[in-house]
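For the protein sequence lines, the chains are A and B, in the order given.
The first sequence lines up with residues 659 to 817 when you count with this note's numbering.
The second sequence lines up with residues 4 to 177 when you count with this note's numbering.
Please note: incorrect hints may appear among the correct ones.
Selected chain B positions facing chain A (in silico; Cβ < 10 Å) [unchecked claim]:
1. Gly-15
2. Gly-17
3. Tyr-50
Covered stretches of chain B, going by a simulated chain A footprint (3 or more residues, C-beta under 8 Å) [claimed, not checked]:
4. 24-38
5. 54-60
To be clear, the hints were calculated from the coordinates, so they are not data collected in a lab.
Built from N, CA and C at the ideal position, the CB exists for glycine as well.
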Amino acid sequence: MKLREPETPPSEGRQRLAAHATNCDACRNEPLPLDRLAARLNASRVDIDSTNLSRRALARLQPELERRALAAAWPRMLRGLLLSLLPLPLVVAFDAYFLNIVYGLVSALLPATLAAYLVVSYGALLVLLFALTYSAIPLLVMRSGRPLSTIDSQLATVL
Amino acid sequence: MATDEELVSHVGHGDESALRELLRRYERPLSHFIHRSTAGRDVEDLYQETWLRVVRHATRFDRTKRFSTWLFQIAVNLCRDWHRRAPPEPIDVLPDTPSRDESARVDAAIDAQRLLARLPEPQREVVILRYYHDLTEEETARILDCPKGTVKSRLHHALAQLATLGRPAGSESS
Numbered sequence: 659m660k661l662r663e664p665e666t667p668p669s670e671g672r673q674r675l676a677a678h679a680t681n682c683d684a685c686r687n688e689p690l691p692l693d694r695l696a697a698r699l700n701a702s703r704v705d706i707d708s709t710n711l712s713r714r715a716l717a718r719l720q721p722e723l724e725r726r727a728l729a730a731a732w733p734r735m736l737r738g739l740l741l742s743l744l745p746l747p748l749v750v751a752f753d754a755y756f757l758n759i760v761y762g763l764v765s766a767l768l769p770a771t772l773a774a775y776l777v778v779s780y781g782a783l784l785v786l787l788f789a790l791t792y793s794a795i796p797l798l799v800m801r802s803g804r805p806l807s808t809i810d811s812q813l814a815t816v817l
Numbered sequence: 004m005a006t007d008e009e010l011v012s013h014v015g016h017g018d019e020s021a022l023r024e025l026l027r028r029y030e031r032p033l034s035h036f037i038h039r040s041t042a043g044r045d046v047e048d049l050y051q052e053t054w055l056r057v058v059r060h061a062t063r064f065d066r067t068k069r070f071s072t073w074l075f076q077i078a079v080n081l082c083r084d085w086h087r088r089a090p091p092e093p094i095d096v097l098p099d100t101p102s103r104d105e106s107a108r109v110d111a112a113i114d115a116q117r118l119l120a121r122l123p124e125p126q127r128e129v130v131i132l133r134y135y136h137d138l139t140e141e142e143t144a145r146i147l148d149c150p151k152g153t154v155k156s157r158l159h160h161a162l163a164q165l166a167t168l169g170r171p172a173g174s175e176s177s
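Work out the full structure: start from the sequences and follow the hints.
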């Protein structure tokens with residue numbers, strides 16, 4: 659749709675006036691002062707500072723926009739969390755396998771108790787890192803105002 | 004460049020920059036439409052209310068339709084509600100301190116606004132959308148949610164009435 663704010667009467671408007679004068683019985687009997695009518699309508703120039711109007715509208719709409727952004731962020735966050743949880747079983751299985759190998763190697767060199775202590779400590783560190791990583795995902799998603807598709811692709815890259 | 008329809012879907016998710024762009028694109032036609040529909044009264048309130056409804060219902064916007072049609076439908080409905088609420092008052096849209104150079108143009112503008120204000124509301128809507136915004140009959144019909152034939156007949160009657168109103172006082176009765 660083409661919207662315009664003409665400074666001069668649009669030609670179509672003039673044609674319409676002329677067509678009306680031709681088809682209307684009353685106007686045929688007494689010709690319309692078409693030019694005067696067009697000029698009078700055209701004089702209705704609007705003096706509004708539209709930019710200021712928009713600025714004030716934007717300020718008034720700010721709380722509503724924030725509500726919308728928050729409402730839109732929740733599904734995005736849940737989706738981000740779900741996506742990030744998808745590879746978790748595989749990662750846990752790989753880490754368990756890795757820790758088992760490390761324990762085998764370390765226990766061959768050190769006493770079993772010390773080896774167990776080291777491997778459990780390392781395992782605990784891994785769990786802590788996992789917890790930190792996963793707790794950061796909601797924060798990252800909530801803070802991001804970018805479209806969901808961007809976040810999905812970024813998560814896919816990270817994971 | 005993003006289309007209006009893409010922008011409005013971002014607005015539904017609270018995207019301020021998308022709303023700013025829509026405001027920039029439509030601030031003139033929309034504010035002028037409201038100004039002409041209400042003879043310059045409560046323009047800011049109606050303008051803000053129109054955009055508030057856009058933001059609130061952006062997620063429900065049917066992207067197969069044109070945003071501009073939807074926007075003007077909202078504005079038309081708000082102006083109709085406004086006309087039902089507010090009784091007509093004399094039009095006093097003079098600036099606070101009009102300069103001497105401007106006074107003739109302001110007089111002419113008031114004169115034109117008086118002409119428009121004396122039209123029945125449905126006819127005034129058609130004249131504003133068809134004449135000032137140069138929309139097609141189909142687009143006007145979609146915005147006003149009426150058949151194309153109704154737009155034609157309203158325009159015909161509006162022009163006849165404007166012609167009568169536009170004649171000098173002495174010849175009005177003839």
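How the hints compare with the structure:
no.: 1; hint: Gly-15; in the structure: 7 Å, holds
no.: 2; hint: Gly-17; in the structure: 3 Å, holds
no.: 3; hint: Tyr-50; in the structure: 6 Å, holds
no.: 4; hint: 24-38; in the structure: holds (count 9)
no.: 5; hint: 54-60; in the structure: holds (count 4)
Violated hints: none; the structure is consistent with every hint.
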